[in-house]
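Chains as they are written, first to last, in the numbering used here: chain A, 1 to 644; chain B, 1001 to 1376.
Just so you know, the hints here were simulated from the structure itself, not pulled from any lab data.
No incorrect hints appear here.
Sample of chain B residues at the chain A side, in silico, Cβ under 8 Å: (1) V1297; (2) L1298; (3) I1301; (4) A1304.
Quick list of simulated restraints, FRET-style, between CB atoms: (5) A184/A / H1213/B: 40 to 50 Å; (6) A184/A / F1211/B: 49 to 59 Å; (7) D1052/B / Q19/A: 41 to 51 Å; (8) S231/A / L1024/B: 51 to 61 Å; (9) T305/A / H1213/B: 52 to 62 Å; (10) R1308/B / R228/A: 52 to 62 Å; (11) A30/A / F1223/B: 21 to 31 Å; (12) L1212/B / D130/A: 41 to 51 Å; (13) R228/A / Q1306/B: 48 to 58 Å; (14) R228/A / H1213/B: 27 to 37 Å; (15) H1213/B / V34/A: 31 to 41 Å; (16) S231/A / F1302/B: 52 to 62 Å.
For glycine and all other residues, C-beta sits at the position ideal for the given N, C-alpha and C.
So you can see what is in the structure, the chains are spelled out below.
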Amino acid sequence: MSTRGRIKDFWREQRIFEQRALAASIIVSALAIVLFGRLIWLQIVKYDEYTDLAQGNRVRIEPQPAPRGIIYDRNGEILAENKPAYQLELVPEEVPNLDATLRELVKIGLIEQDDLDDVRRTIRSRRPFDSVPIRLFLNDDDMARFAVSRHDFPGVDIRTRLARSYPHGETAVHALGYVGSISASDLERIDREQYAGSSTIGKVGVEAAFEDVLRGRNGRREIMVNARGRSVDKAGGLEAMRDTIPGDPGSDLLLTLDFEVQRVAEDLVRDQRAAIVALDPNNGDVLALVSRPGFDPNMFARGLTRAEFRALNENPDRPLFNRALRGTYPPGSTIKPVVALAGLTYGITEPLAPHYCVGYFSLPGSSHRFRDWKPKGHGPTDLRSAIAQSCDTYFYDMSTRLGVRRLHDFLAEFGLGEPTGIDVGGEKAGILPSPEWKKQAFRKRSDQVWFPGETVIFSIGQGYMTSTPIQLAHMTAILATRGQNFQPRLVRALRDPETQKVTELAPKPLPKPNAGKLEDWDRVVDGMLAVMQGGTATSSAIGAPYTIAGKTGTAQVFTVAQNQRYNEAAISERLRDHAWFVAFAPAEAPKIAIAVIVENGRSGSGTAAPIARKIMDAYLLRKFPAVRDDKVASPSPSGDFSEE
Amino acid sequence: MLREDVDSTTQRTLTRTTQLLGSLRLDGPLLAGLAAIALFGQFILYSTSGGDWESVLRGSTRLAIGALLMLVLAQVRPGFLRRLTPWLYITGLLLLIIVDAIGYVGKGAQRWLDLGFIRFQPSELMKLAVPMACAWILRERPLPPDPRTLGLLAGVILVPTALTIVQPDLGTGLLILTAGLIVVLLAGLQIRYIVMLGVGSVAAAAIGWSFLHDYQRQRVLTFLDPQTDPLGSGYHIIQSIIAIGSGGIFGKGYLQGSQGQLEFLPERTTDFVFAVVGEELGLIGALVLIGLYVFVVLRAIFLASQMRDTFARLLSGSLAATFFVYVFINAGMVSGLLPVVGVPLPLVSYGGTSMVTLLAGFGMLMSLYANRKLAA
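This is chain A alone, in the form it adopts within the complex:
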């Protein structure tokens, strides 16, 4: 079978094949070397890079939220803690028939029909192997109902988590604040890494101001995941490491509040619109901080429904409003002792020289009558009785000599017109008027002029001037200690929950007011003592085994026209004067300074002073009246505000 005369040459063909076989062997070896080279490149040169990538594949980091710090009052009473809360969770991929399961859960009352769409949306937004909470805060009844039919719900189970809890409900809510769901605006300012795994954040009060301290630092757990992202314990010879990097639990806070005093104070104004601040004048500790009405912070911690929030927000008594820090009211006569001290400091009033009070005061060359609260006048009045009887004309007269400039500057030294700097946020500054202030506050040229008459009413805390209850408590504390000035504070120490190591926070001293000699202070305090002994608030001091120095005040809500008389009965309740009372005790060695305002309470002496007395009894004598046992006292939901 030869072709074109060629015949097979076996020896030649053998040689050719051997050559080709050799060539093939060489090529095989060369390609093998190429493979070796590739492997060396990948496994030695790029080893670190690919190791990182492989590690990144297999490890997922799950945040382990740190338990939030617990908040205690000054005597160790728990005010905010973490409690296990039970919630219903569902793992979508373990549920054979999602729709049927949800329907059944509705049937046994664990999910509301109305919430079904939300629940479905939540489930869809998660990965199929993640456990999705579908109902929070189960009560015992819910748990029992689920327990009996648990076997009907594969993939659904009850889980525990820690939730913030406020054991005393409304009490001290405006000091503590609360935690609530992290909102879109919260997300813009926080480090999301730190909030991975938690759904709440401190919103107001101590909870917000000390958020960073309370929150602690999240721990992390490294878990092994497979290509579908599911956590696995074991795969082949691989064991999940479950490396847990522990976080730091949040610091406990030890507050300056005295819970027993706080409770007494709240109870005294439970159904009123009122605010109370009690300070320890020796260090600025806030002993009680009350703003009524209040609300239950637990509602926020567990998530508020839209209707609940609307009810709170639209309540005309404004339970969410922190009157103690943000309520600005004309201070009225409560500032008279400081004004008197100004007069003594500048030497423009002779303490013992009587001023004759005829019931009104007119500026020279003017017929306008600035009325005294007592139409018939107080007659001859010295400094002591001017404070004791709260004689207005005494201060009207003095103000003309003092002048608005010195009046403003002196009051400013007592912290008025500026936030006190208390260690929680949201405080208002109030207004301490001056000609400069007026220029800025008014747009119209003619309104910008400071009139002499405005100085007159400024001297009795009326007119433009407004102050917050905390400012007046602070002012009173400065008077009590004859000039010692401490920034008010709610938190006195942090405590490490693991080591129990307490870190005390030093009280923060502020500059002493640049005011008169000690005997000038004593004269003013003497006037305040006289308020309680024969003066305007005498009845509130009866039987007190300690000395009280106080000052009443009324803040006008409604301006009485010239030649008219204030007719209480004719004025609607909402337009009645606010009742103020400031005081400290014991007068010779003060331990408590207090400011009380009852909105539309008419009379400082009649309404506010007795409240302050009971709080002082509670704090100084540990005398606690029986506390009204209606814990669920919620702000009146209707528009009916009658107090009687």
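Go by the hints and put chain B onto chain A.
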């Protein structure tokens, strides 16, 4: 004395083994190499199947069938193989056409014939039948082959290649082409033809490229460099490279490869098994495995060069070289040197009929070697 005794015992055992292998017409070193690779494969299969003994059992069964076929074919006379060749080729071609026709009618990819008890891939048969047919054609013609013969060979190779590629099974098609081509190359195809073949392929590729639409070109580019498509075809190859690279020199340890065990590595029991070797056993394990392959291939080429018969040595040489092509394409693909084509790692990848085909080929090779002195 004692020492001599021991020595003589060892010697006797060796002699007996050689005699046994000789009577079974098996080549000792080649058999040892193949056995080592196959055992390596079962060892890795235990890991890649997640410690599933059942998979190992199935793999071993398939290995046993292949080994049996190898043993049987090793006993067959070369003359029988030669006479069988045309019929085997024609049968394979017909079956291939039938499979393609069924696939065309059924509008789906079709690679196998369901014979009831076994699913049979005609293309797998063609991996052996094509080089056999080439060797058969060349056996009595003067070598190097003349152009007419080359034309005939081109037809014999390209028709089954094309029929396989349209199934579509690019990997097997290319292996069929390679197996046939290697026969021609071993037959002494002149250098000028080799150069012409190379230039012709490049020219054809360039012309073909100019006719492609943009999206088709994109597909070709992605095929050539899958890492440009990290979420699609590139995902496999990226995970595979991570697996190998993170194995380092000594590997993460048997059963300890996170890429493989946690399923980041796709097809880890089959086409990408080499990545598991690289990850769990490291550079050392991968080098050992490739070293075994190189040993087997060089031994087989050596055996082929000892044969006196054209049919025998062309077929044997092609089987040996093709075996290495499998290894190189698979390892090159898994380590990101070559595009992804579905080529299994011989004797190690799980499943498919390739293990049976490969061992059958080595059975023929051993038969041809055992009868090397005979003119086939």
